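Read in order, the letters of the sequence shown correspond to residues 333 to 942 in our numbering.
Simulated from the structure, these hints should not be mistaken for lab results. One thing to keep in mind: the hints can contain errors.
PhoX-like cross-link-like pairs, simulated, lysine-lysine; straight-line CA separation at most 20 Å [unchecked claim]:
1. Lys665 / Lys560
2. Lys560 / Lys434
3. Lys665 / Lys675
4. Lys560 / Lys675
5. Lys596 / Lys675
6. Lys612 / Lys623
7. Lys715 / Lys927
Just so it is clear, the structure is predicted and the values come from calculations on it, not from any experiment.
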Amino acid sequence: MFSFGIRTRQNVTGSSPRAAAGSPRTTGSPSSIGGGSPRTEVVGEIDTRAPFQSVKAAVSLFGEVSSPKARPALKKPKTAEERVLEKETQLHLAHKELEKFKEQLKGAETTKSQAARELEKANRTLQELTCKLETASESKQAAIAATEAAKNRAKELEEAKSSLKEVQLDSASWKQAVDSKREQYKASAAELIGAKQELTSIRQDFDAALDIKLSAFQEAADAQHETKVNRERLNELSKEIATMRETLGQVKIAIVQAQDKQAKNAADKEARLQFLRTAKEEAEKKILMLKEEESKLKLSGNLEEKLEETTEAIAVIQEQLKNVRESDQLSLKTVTLELEDAKNALEQVLKEKSLLCSSVNSLQLDLDEVKKDCCEWKEKEAKSESVSENLRVELERIKEELEAALAGEIKQEEASNDMQSTLQQLSSETDHARRESEELRRSIEDLKREAETTRNLERETEEKLQAALKEAEEAKAAAKVVNDQIHLTPSCTDSKNSESKDKIKLSAEEFESLRKKVEEFEKFGQMKVADAMAEVEAIKVRESEAAKRLEEGLKEIEDMKTDTEDALKKAEMAEAAKQVVEGELRKWRQQEDNKAAAENSSNREEMEYI
333 MFSFGIRTRQ
343 NVTGSSPRAA
353 AGSPRTTGSP
363 SSIGGGSPRT
373 EVVGEIDTRA
383 PFQSVKAAVS
393 LFGEVSSPKA
403 RPALKKPKTA
413 EERVLEKETQ
423 LHLAHKELEK
433 FKEQLKGAET
443 TKSQAARELE
453 KANRTLQELT
463 CKLETASESK
473 QAAIAATEAA
483 KNRAKELEEA
493 KSSLKEVQLD
503 SASWKQAVDS
513 KREQYKASAA
523 ELIGAKQELT
533 SIRQDFDAAL
543 DIKLSAFQEA
553 ADAQHETKVN
563 RERLNELSKE
573 IATMRETLGQ
583 VKIAIVQAQD
593 KQAKNAADKE
603 ARLQFLRTAK
613 EEAEKKILML
623 KEEESKLKLS
633 GNLEEKLEET
643 TEAIAVIQEQ
653 LKNVRESDQL
663 SLKTVTLELE
673 DAKNALEQVL
683 KEKSLLCSSV
693 NSLQLDLDEV
703 KKDCCEWKEK
713 EAKSESVSEN
723 LRVELERIKE
733 ELEAALAGEI
743 KQEEASNDMQ
753 STLQQLSSET
763 DHARRESEEL
773 RRSIEDLKRE
783 AETTRNLERE
793 TEEKLQAALK
803 EAEEAKAAAK
813 VVNDQIHLTP
823 SCTDSKNSES
833 KDKIKLSAEE
843 FESLRKKVEE
853 FEKFGQMKVA
863 DAMAEVEAIK
873 VRESEAAKRL
883 EEGLKEIEDM
893 KTDTEDALKK
903 AEMAEAAKQV
913 VEGELRKWRQ
923 QEDNKAAAEN
933 SSNREEMEYI
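With the hints as constraints, model all of the structure from the sequences given.
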């Protein structure tokens, strides 16, 4: 076990390394030393060869366990610990990233819920717009009713205008009625303008609601994109967790290897300690043997020299034993310290392993939850996409229906404008016809008065003519008498002087003047008769022109009646189209209400589930 020998002055220089490296079994026996006495052969001689040259060689013989600087450093557990710490930091960072990812998912969920709320708000705005459209349609229907009332009043005015031909209606009351109906028509026109303005405001509100809905769709698309990014980040985190698991497995393998190596080192150290203990026991046995030999050598010769040599050898052996003890104590301390360090490192590694396992399990649970949330979000996203697609289709359909309704509304507005222009034209034509009828009535009255005056003048002229004719006859008779008297012979004249004393006697000049007066009276009577006949002809012409005007006015009234009937037909067609559009809007509103109720119930279920 222990290889040692007693060193003397003679054999210190003659020692060899082979002797120093000898085993305890090769210790010299008494027979190996020559030149001894028979007693020494019986007792045995001490091997005086030096087993090693110095203490350093002895220390190097025992594996350099006495040197604290030469103890092996456990660098691998420290590197494994560092790797474990590094992986723990990576896991901590991954956990932070996972928390951040969860926050992003929560943000995406809030964004999606906000988009759903804005979509519901847009639906409510659409319902309000439909209500406003209904009110506008009702106001328009009221305006159409007012227009129909105005048309009926126009018919009444036409009847009143036809009755004006017979001059049965008072002009003041007729004018007042026309003014009142004009005011009613203005009021209905103002209501129609208000309905148009309300319709434009409804259209603007609908455009605003459409913009809100589009912004909600954009936010939903952004949330979908953010969900996609988060899903990619989740995949990256899952990959990192997989790599961390692999590294954790490698760390576990390294820990097992370190534990095996540490156990092996401990076994080696324990073997060395056992070797040192056995060497110590053998040295003690050898010391006892040397003491016995010393006691025996006292009896032999040269005892003093042998005693000195023995004492020196004992001192050397004691010194060597002391050094061995010190080295054993140091090696034992170092081994115990290394064992304690290894135990502490192993406990720390086990703690870190348990922490890593718990963190990996928590990360696995979080990953499962995130996967479940991702699946739920995918389902919700698919539902929201289907709902948004349905809403988009419904919005397109509603848009088309609204465009058709607006086109019908425009047609109705055009028809109402045409009706309004027709009514204005009718009112203007009615006023014109009324004025013309007044003028005709006045002209007829004037013609009647002129005819009466003409008749009076004609009667006076006839009377004057009769008087003139009588005077002419009398003048002719007088002229004849005078002519007869002039052409009578003087005898006859003388014979009849007695008879013609009572008669008028005229000269030729007087007769000529009387004849001229008669001719003038005849000419004047003929002129008066011609003038009277011309006036009568002019009156007849005026009467025929007035009759023609009256016929034209009646024709215009008939045309106005036909135009009014056409306008009424157009209004009825527009009203029918409006009723059809309102029915479609009512159906769509019921469908939207049902869909909104279903979406609200589904949203409530999702919120309750969340």
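A quick look at each hint next to the structure:
Pair hint Lys665 plus Lys560 does not hold up; C-alpha atoms about 62 Å apart against a cutoff of 20 Å. Among the hinted pairs, Lys560 with Lys434 is consistent with the structure: their alpha-carbon atoms are about 14 Å apart, no more than 20 Å. For the proposed pair Lys665 and Lys675, the alpha carbon gap of about 15 Å is at most 20 Å, so the pair holds. With a C-alpha separation of about 48 Å, the suggested pairing of Lys560 with Lys675 is violated against the 20 Å cut-off.
Annotation: proposed proximity of Lys596 to Lys675 holds, straight-line Cα distance about 14 Å (limit 20 Å). A threshold of 20 Å between alpha carbons decides the hint, and for Lys612 with Lys623 the separation of about 16 Å falls inside it, so the pair holds. At roughly 13 Å between alpha-carbon atoms, Lys715 and Lys927 fall within 20 Å of each other, so this suggested pair holds.
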